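Q: My request is simple: use the sequences and hints to build the entire structure.
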Amino acid sequence: MAKTSNISSVINKDVACPFCGILCDDLVIQNQDETLKILENGCPKAVASFEAKQAVSSPKIKGKDVPLSDAIAAMSDILKKSHNPLFSGLGTDVGGMRQVMHLADKTGAIVDHMHGNALIRNSLVLQDLGWITTTMTEIRNRADLIIFAGTDARNYPRFFERTIWNKQSMFKLKNEQRQIVYIGDQLDSKAGINPNGKRPTSLNCKTEQIGEVISGLHALVTGATLDVKEIAGIKIKTLQALAEQMKAAKYGVIVWSPAELDIPHAELTIQNFCEIVKYLTRFTRFAGFSLGGNDGATSANSVCAWQSGYPLRVNFNKGYPDYDAQRYSTHNVLKNKEVDSLVWISSFSSNVNSPRASIPTIVLGTPDTKLNFKPDVFIPVSTPGVDHSGQLIRADSVVSLPLKKLRQSPYANVSSILKQVIERM
Amino acid sequence: MYIKLTNGIVYDPVHGINGEHRDIYINDGYITRKPSGNTKICKTYDMKGKIIMAGAIDIHTHIGGGKINIARMMLPEDHAADLVEKTELTRSGCGYAAPSTLTAGYRYAEMGYTACFEPAMLPSNARQTHMEMADTPMVDKGAYAMLGSDDFFLRMLASKKDQAAISDYVGWTINATQALGIKVVNPGGISAFKFNQRKLELDELNQYYGVSPRDILKSLARAVTELGIPHPLHVHGCNLGVPGNLNTTLETIRAVDGMRMHLTHIQFHSYGTEGDKNFSSGAAEIAEAVNKNPNISIDVGQILFGQTVTASGDSQHQYAGHWHADPKKWVIMDIECDAGCGVVPFKYRDKNFVNALQWAIGLEIFLLVDDPWRVFLTTDHPNGAPFTSYPHLIRLLMDRSFRNDILSTINKEAAAASTLASIDREYSLYDIAIMTRAAPARSLGLKNRGHLGSGAVADITVYSNHKDKEKMFSKPDYVFKDGELIVRNGKIVKVVNGATHTLRPEFDNGIEKSLKRYFNDFHTVSLGNFKIDDDEIVEHGNGKIIVQPCM
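Chains as they are written, first to last, in the numbering used here: chain A, 6 to 430; chain B, 697 to 1247.
Do not take every clue at face value.
[Unchecked claim] The calculated lysine-lysine pairs, modelled on DSSO-like cross-linking and capped at a C-alpha distance of 27 Å, are:
{"id": "1", "chain 1": "A", "residue 1": "172", "chain 2": "B", "residue 2": "1212"}
{"id": "2", "chain 1": "A", "residue 1": "379", "chain 2": "A", "residue 2": "69"}
{"id": "3", "chain 1": "B", "residue 1": "1240", "chain 2": "A", "residue 2": "410"}
{"id": "4", "chain 1": "B", "residue 1": "1212", "chain 2": "A", "residue 2": "111"}
[Claimed, not checked] If you want a taste of the chain B side facing chain A, the calculated C-beta under 8 Å gives, among others:
{"id": "5", "residue": "765"}
{"id": "6", "residue": "768"}
{"id": "7", "residue": "775"}
{"id": "8", "residue": "821"}
{"id": "9", "residue": "1236"}
These are computed hints drawn from the structure, not numbers from a lab.
Just so we're clear, the structure is a prediction, and the values are computed from it rather than from any experiment.
The beta-carbon is built from N, C-alpha and C at its ideal position, and this holds for glycine as well.
A: Here's what the structure looks like:
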């Protein structure tokens, strides 16, 4: 941070926003007497998160305020006694996740992220047949057909502004040449309206039926004829037109959001996207793009993969990493009593809170965290990219951004807390 | 605090020492001259009968960055049979072809390696590459930034910007990404694939920019020369894996007009089209060209039989190769109008004609290139085989009867099509010390590594001189890193982090003005955030940066 003691107002430029997976990095944020205000490029989510007044909290043991060192000692004691801890939530940056992995290895723990269900929907596809994917700058400059399947990107408020409707592109692709299509259940297509007024195509079907629609399209792009009049309520004629559009695209993209495909075996739907992309790539260029990675999910998955060899979810109980994307979910291992302590980490927001479990529970949460139970240990933590510097990996798993420290914080960061616990183990 | 290694047999090609009894003194992490008579020696190791070399250096190994992390995530079956338990000292991990970062670092050290260089760092993925390298303990590391299919460079070339401006951009990239060199992969071909071109010959034009791979190679090689980057342009040429690419490779050597160039994993670029199967060895022609052109260095990218995964920036040829994926899954990525990648698992089979001949071609190249200072030992990990197969490869080079024994078991037609059986050459320990230590250090400009003279960093490996060279190089008796004993009898005894080697070439930073505008207009990351500052490696990566001088 550029602030010095005799200047009360500091303006930070090129600030990366850690509050959703696309990590917009053009925010301009003012710090006036330790109060943050977004001067440029804040979406409602960023405004709500950056400008929220930092709550007042304190480390607690069973609800009673204690010094941080006592809370860390209590956390260490719980973990020393625990045979199979669960580290979940994992809303932290790369630095925090590195220490999570170290401590999980040391204590024989299971690691899972609060958005683990979404992460594994993609992992299962990657591990079964693979995919062809792309990144935001490619879409921004190249994509002439963008199909939103099961998502309207509203949870990523600036996705259209940052990657689709641009003043200029590298290859002189004009906005009016871009075609937007939505496939899904009552998706909000407003953002997809071309600046020149052209409305996107919307094909309405239930989320569960998106896979079927894509399979139909896949058959049609191969030249097959289908002996039905409609699929999931969508007329074959409409699908045939889209199939032609896909074949004619120079660079088509299918965008999905694994979190929003909240249906049983969503990986099969995602695999349908990936397989039609592969087929079309035999003739033209097509790619997939997964919108996700909130609460540091992409970073958690990537760090887990390079440090353990496996993406989430991993169990270190046997002394080596044991991977099982389904079995080691937070829900399952709590329900099946496979763990005997819980460490919940959430340093970006208190939107998803620790489950209430009948085992010793430690929560490292933002200071505004409100729980419906008293955890054994609560430690308020600072937020990466607001209260301390750090690094996060973007939704595409390729680009990562440096996070800035924008204000002073009385709270410790996840990485430093876990380092102290590791030293005590 | 002085340490003495006494009675060892030293191989130090930089100083012409070929198996001589020498004592080595270490003080404060460096090798020093023999101290004066009354200096206290704190620790003496008796190395009687043992072979002492500098720590080994891998000039081309995919140890970090997005594509190798995709390989890790994609291949749980690669890891399940290769699980590594935690110990008092070391962390757990796993992986055979695509090991976890920590496991890779431990394995390298346990094999006597003290430095590893990631050859394909995409600028847009550089931050993550450094994160993964930071989590690769034990060894020093560094990376070559990949250019040549990035839009900014291609549009400069297309608009005939003068070479000085291009060199400024290359220098800026080295600085911004904390790189140690420049690599080009399938020059312009990764970009061409995004415009749906499925191949790109040396003189074929990228249809959007109207520039050819030859233009790109010449421009980047010149930039590397003008910036004084010690390591020559690191080239993964056109037409990887394509039968007949031998001619492309020979033409590529001619294209740089005598400028220095390193041709990487040249085995994959040395194929002819003779014979019934239209696939033949071009090793003799390639080796002859390398022998005749002192400006050229190579690494081989030897293939060894078994399961591995190919991970490359060459999305165009990885896509073409995906039909051979084994198991049947694969990933292709287009990345940031900057680069791309492809990850395709592959199993090399000794009874398969093409695979068996690939094996023979790699060995032929090793054995037909005269000068071990210009041919480095690599398998292009993990593309030809995992780096853990280096001791086996060393034995193939040092032991003719072992080599011929294996030759007699591979596909018979391939064995018959190869000249390998007629090649008598066996590498000596001195040759191995050149190609795995002295030569890579010299090529990378690491002046105080790769040798055992006074002033060198005390990265030292000590082996027992087994007749079985695979056994010898699998399990060194001692490995010292910066003067500390880190491995004893092939097992880690101390965990260290290793440093990151970078360069700070001089260039006109005026280029940043146009880059800033360019990033604002077209990219999804700002210029300021694209650049990696030292703190991200030192503070967040828990490592140290060593800036190597330019020439």
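Q: Does the structure break any of the earlier hints, and which numbers would those be?
A: When the structure is compared with the hints, only number 4 turns out to be violated.
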